[in-house]
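Each chain is listed here by its residues.
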Amino acid sequence: MTTHLEETYKAQPFMDMIEGFLHSTGIDALMNPRANEMNAHGEPISDFHKSWGRVIMILITFLLFYLAIARGFEPLLLLPIGFGGLLANIPLAGIGGDTGFLGIIYHMGLSNQLFPILIFMGVGAMTDFGPLLSNPKTALLGGAAQFGIFGTLVGAVVLSEYTPFFDFTLQQASAISIIGGADGPTSIFIATNLAPELLGAIAVASYSYMAMVPIIQPPIMKALTTDAERRIKMTTLRHVSRLEKLVFPILVLVLAILILPDATPLIGAFMFGNFLKETGVVDRLSDTMQNALINIVTIFLGLAVGSKLAADQFLVPDTLAILLLGIIAFSVGTAAGVIMAKIMNLFPGHKVNPLIGSAGVSAVPMAARVSNKVGMEYDRTNMLLMHAMGPNVAGVIGSAVAAGILMSIFK
Amino acid sequence: MTTHLEETYKAQPFMDMIEGFLHSTGIDALMNPRANEMNAHGEPISDFHKSWGRVIMILITFLLFYLAIARGFEPLLLLPIGFGGLLANIPLAGIGGDTGFLGIIYHMGLSNQLFPILIFMGVGAMTDFGPLLSNPKTALLGGAAQFGIFGTLVGAVVLSEYTPFFDFTLQQASAISIIGGADGPTSIFIATNLAPELLGAIAVASYSYMAMVPIIQPPIMKALTTDAERRIKMTTLRHVSRLEKLVFPILVLVLAILILPDATPLIGAFMFGNFLKETGVVDRLSDTMQNALINIVTIFLGLAVGSKLAADQFLVPDTLAILLLGIIAFSVGTAAGVIMAKIMNLFPGHKVNPLIGSAGVSAVPMAARVSNKVGMEYDRTNMLLMHAMGPNVAGVIGSAVAAGILMSIFK
Amino acid sequence: MTTHLEETYKAQPFMDMIEGFLHSTGIDALMNPRANEMNAHGEPISDFHKSWGRVIMILITFLLFYLAIARGFEPLLLLPIGFGGLLANIPLAGIGGDTGFLGIIYHMGLSNQLFPILIFMGVGAMTDFGPLLSNPKTALLGGAAQFGIFGTLVGAVVLSEYTPFFDFTLQQASAISIIGGADGPTSIFIATNLAPELLGAIAVASYSYMAMVPIIQPPIMKALTTDAERRIKMTTLRHVSRLEKLVFPILVLVLAILILPDATPLIGAFMFGNFLKETGVVDRLSDTMQNALINIVTIFLGLAVGSKLAADQFLVPDTLAILLLGIIAFSVGTAAGVIMAKIMNLFPGHKVNPLIGSAGVSAVPMAARVSNKVGMEYDRTNMLLMHAMGPNVAGVIGSAVAAGILMSIFK
Amino acid sequence: METNLVVEGVKFMFLGMGAVFLFLALMIVTMNLMSYIIHKFFPEPQPSVKSTVAPQEDNKKIVAAITAAIAHHRQG
Amino acid sequence: METNLVVEGVKFMFLGMGAVFLFLALMIVTMNLMSYIIHKFFPEPQPSVKSTVAPQEDNKKIVAAITAAIAHHRQG
Amino acid sequence: METNLVVEGVKFMFLGMGAVFLFLALMIVTMNLMSYIIHKFFPEPQPSVKSTVAPQEDNKKIVAAITAAIAHHRQG
Ligand code: NA
Ligand code: NA
Ligand code: NA
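Protein chains in written order, with our numbering: chain A, 1 to 411; chain B, 1 to 411; chain C, 1 to 411; chain D, 1 to 76; chain E, 1 to 76; chain F, 1 to 76.
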């Protein structure tokens, strides 16, 4: 009667069971790292990463919770990512492994890059290209800010070549530098493609710095501008017709097809969402993209990214380098945007307030708000918000183009 | 320090990189078709389908956009399908391939036919069988209109047998003829089953003709009816109790189980949605089916179907034949419905206005509205809308039965 | 011209086709069971399970519909489960098989246990731990009620050891006994893990008995309490600060990490939902978890569980034993909760009304309402609802801990 | 032996239309039967015509106004 | 040696109930500690009782009316 | 031959920034062209300033009130 049982369960004395229970506690697993415990990829982990490493990581996720809740650091992404990281660092449970639910979600939509694409659709459906259409030349500011990406790429390879601590491949350096694009889904898309082993650190750096835009950018903006420049008033934006908004996403996509097909997954998804919204005839689809769909995918994406915060992957020197390079990328991008505006003002025509140059990094809409806020510090009647939205959304396109270039180089 | 890099990236002079970039542009790929580029199935494609074919297809998707937005042609489906088609025709990007996001969505829910099933659930939850229950015999009109399916099937095999241009198998002919069912999810379900290589053309034809019902049907309806027939007033519909509406979906499903189990995936999904709604005790589930769930699936289904609009699959003579046979199917179905109503009027009992016969093709609720509109052209007091809803929903059941028959034949 | 056809379709006389059609009807399949028809796992089935068994199962699903609609038995779950069961018992259609849509949904999220995890997230986002926080010691009642699980486990092995009719393995006995946890997703999670072959019966028993809590519990509660005990008034609940509610889910998860990592998939998912809600900064995510996401997953989970109601799996003696053991589990759990309250009253301090002990089984919020209702039968001014919510939600945690223990034993 | 597709198609047509009509005819018969049974044995309680109708009408107007306002809001 | 299932089940029972109570007891202790710390070091600011309460109440009534109207609309 | 990463990175920088500016410059040119064509050939009909504006304004106020009420309700 118990034959088929004996194969799968071995009876044992009650004291042994209690000992077994104690041995299966998390405290025991943290104190006495198991020799045979592997990471999510089936590779061996160091004892530190199985014990104190996990404790430190859990404390780091608490720090993320604090920043997200009390300081308002991109909570929509950082809370799911942080919680995913918390779950991924639980000993013995294997939640981040292939059969754990984080691992299942990861393979459902992150390893194949579906989730960032779907997020991009939703963001596209939330984006208004009106300000850019009414002042097209501000797109150049969104281009200049991409110097944050490529300048950082050079920085990363310099670190690898001339310091003994880091040894990034070109793929890894590229994946890190895309943090300078200040665009979450693009960062995740590229990291998953070129350096999945760095995904956790890159995503956390990307969203954290996007949240810190109000702290990072103002000093740079002020240092690079004169008082007179900051008070430049820009002309009122012209009215943009519905048809212009409708044709624009298709126009950009066609350009991408002709010039850089490797950027079309990102740009295509973004413009799909935007186009559906602008048609005005499928509101139920665009509403769903902007709400139920993007929310569901955000939860899944966050948890899946969080699964890459396992101690053995995050508590490595590379993470420090990524955090360092990330803030350099943001700063360089900000500076490049401001300087580009000053260069544009050397040419004849309507002057551009250089404070909107910083919005070119994207980080929509935070960076545009920062432009507006800094501007109002100097002239309370100078509303730069809508003017800054132009470079802001151009920065999204610019980052996607930059991502396409990197994809095409390594294909 | 660069050992693991050299394996994956080969340094080259800057001029070569620029050349490489130019070589990776879409313009270049369209001008100089790559010899080694394959289609989504890994099969070779003709040079035409890699160059002008793609340009033509992209222009065709623009036409679909125009029809959907400016003319109101089923935008909920044709916009995602069209955009999917646009993305699927981008050279080098491989968005429709197995690792592209369209391909991933296709394999997630279209190749296994899950998406049309889920759409059917949502449509079921939106359907009201009240008008049919209050006048059951109008179901026969929904049966007669299925002649559009089977008549077209004969037409398709005649074309294959007696013209040198076409060579449809019986499976393909059946998949094409289901367009006459005037029911999108059913068409997609059957096409995916019997002739996935024709899916794009069948889906586009199906939704386009459903949108063109107000153009296609009225001439046929008028040609087949006398002025007196068009003025027939139908008796007021009786009140249908909640219990009748609750039992009906189960009743139809049981009939399908007993007579045609092969139709039960479609009828079962439809009646599941309808039953949940009619119970009135799980409104949160039926609301979700009718909104978030069906909207999400519609976006995915549309994109996935669009991935079958790749030039090498769509720009073939078969597509013309499908478009031709599709409009024949709609016309024959419309005529059959009208004639059936006239036949029913030969028998004693309440007379049926033959104008509601055309609604039997389904194309819910467009065809019923057409019946109403044509009727009011002749007598402004003659409201046929609710009367036409009976054959309209019966047409959905009829098409599902026809689909079941075809499935059972080829199983 | 017909060469590629002949391989897949064999022409036959019309009379043979009609015969083939009649042979493909459900009536014929039910009357004359096919020798070669297999179940969803590709195993042979008895003739009874192919014929009358299916008819009986379909009638049983009708009974579930009746209970859900007319009697309000957990319709959100029992309607989808019942409909899934109806579809899974259709002869020839194979809807529950690997290529049928129920099978596809099953493998999408049930065999890997993702669906119950996602439901748990949504339930977590709907849960308010305030009442528990304001009266922590009532958590012990939620612990005592888990005796329903472990007492039943002993009962199940006694049945297996000393009766010739049943032969449950320890895994099966454990999966059955978790019904006593009165928590749907936990039952499904454990059953899928330890005894997937019993999933259908366990899920149906679990949700049915949860619905029957207002019938099962009151007699037991009254039998075990004196009139004076039932009239005990509990002190007003203290106000709980937002910070307490925010820290609590993390606190419980950390405890689970330290003591019982095997319970962290369930507790982690639950606390993730609760934590997101309590932060108050990601309302759009917590709203989606509580609505669109949980509704979609409920539909899928129900249909997938229903696919396990195929006659050959459900119409077996084990099902009767499961139903019997399930009601024992509920009764024992109820009694244990009440008795625990009486034991707590032997110690000094504020007295506990033993009627809230029964709420410790969880079955949120039904069991708490029953406590309230029975209490008001004896003193109309004695509102026990909020007091009973404490043990009620503690019962969810308790069941998840019990589930973790069982998982750790059989790992 | 060569299969004649046209003959096969015609066979499919007869089989298919036959099955469709068989199904719908049975559906008509059984739904009539069902309606008869329900009206005979499970009649719907008559909705009582009370003064509550007036407030309900008011509610409906409010709802209509809100719905229109929201629809307007969405498009605007 | 034949395994006695019943003995095993009883062992599971003691182990399981022990673990459940251990967990919940620790939870009670730590949550009491947490509440103590929070009330001591992070007290919630007293909600100020101001004239703003009245308009809020009005808003709530409007919301209730709208909610009821919408609920009515859905069912109707 | 050893690859110099820094040299490669600088090449990437020039290539990348070049492509980004090329793309955006073309975008600016074509969007200006598009706007020109649209304003020339497909001008938007002037919104007629009629008495309908007043009720629309009223509607907007109602919508704003409802939206605020609902937002309040969600937070509360
Ligand atoms: Na950017
Ligand atoms: Na139809
Ligand atoms: Na429980």
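Since the hints were made in silico from the structure, they are not lab data.
The structure presented is a predicted model; accordingly, all values stated were derived computationally and were not measured.
Any given hint could turn out to be false.
For lysine-lysine, the following BS3-like pairs were computed, each having C-alpha atoms within a straight-line distance of at most 30 Å [stated by the list, open to error]:
| # | chain 1 | residue 1 | chain 2 | residue 2 |
| --- | --- | --- | --- | --- |
| 1 | D | K11 | B | K137 |
| 2 | A | K245 | F | K11 |
| 3 | B | K411 | B | K233 |
Quick look at which bits of chain F chain A covers, simulated, 3 or more residues with Cβ under 8 Å [what the hints assert, rightly or not]:
| # | stretch |
| --- | --- |
| 4 | 25-31 |
| 5 | 36-43 |
We put the beta carbon where it would ideally sit given N, CA and C, even for glycine.
Status of each hint after checking the structure:
Of the supplied pair hints, the one linking K11/D and K137/B holds, its CA atoms being roughly 27 Å apart against a limit of 30 Å. Pair hint K245/A plus K11/F does not hold up; C-alpha atoms about 36 Å apart against a cutoff of 30 Å. The hinted pair formed by K411/B and K233/B fails the criterion: a straight-line CA distance of about 45 Å is larger than 30 Å. As drawn, the stretch 25-31 of chain F meets chain A at 6 residues by the rule of a beta-carbon pair under 8 Å; at three or more, the given contact holds.
Residues of the stretch 36-43 of chain F lying with their CB closer than 8 Å to a CB of chain A number 4, which satisfies the three-residue condition for coverage.
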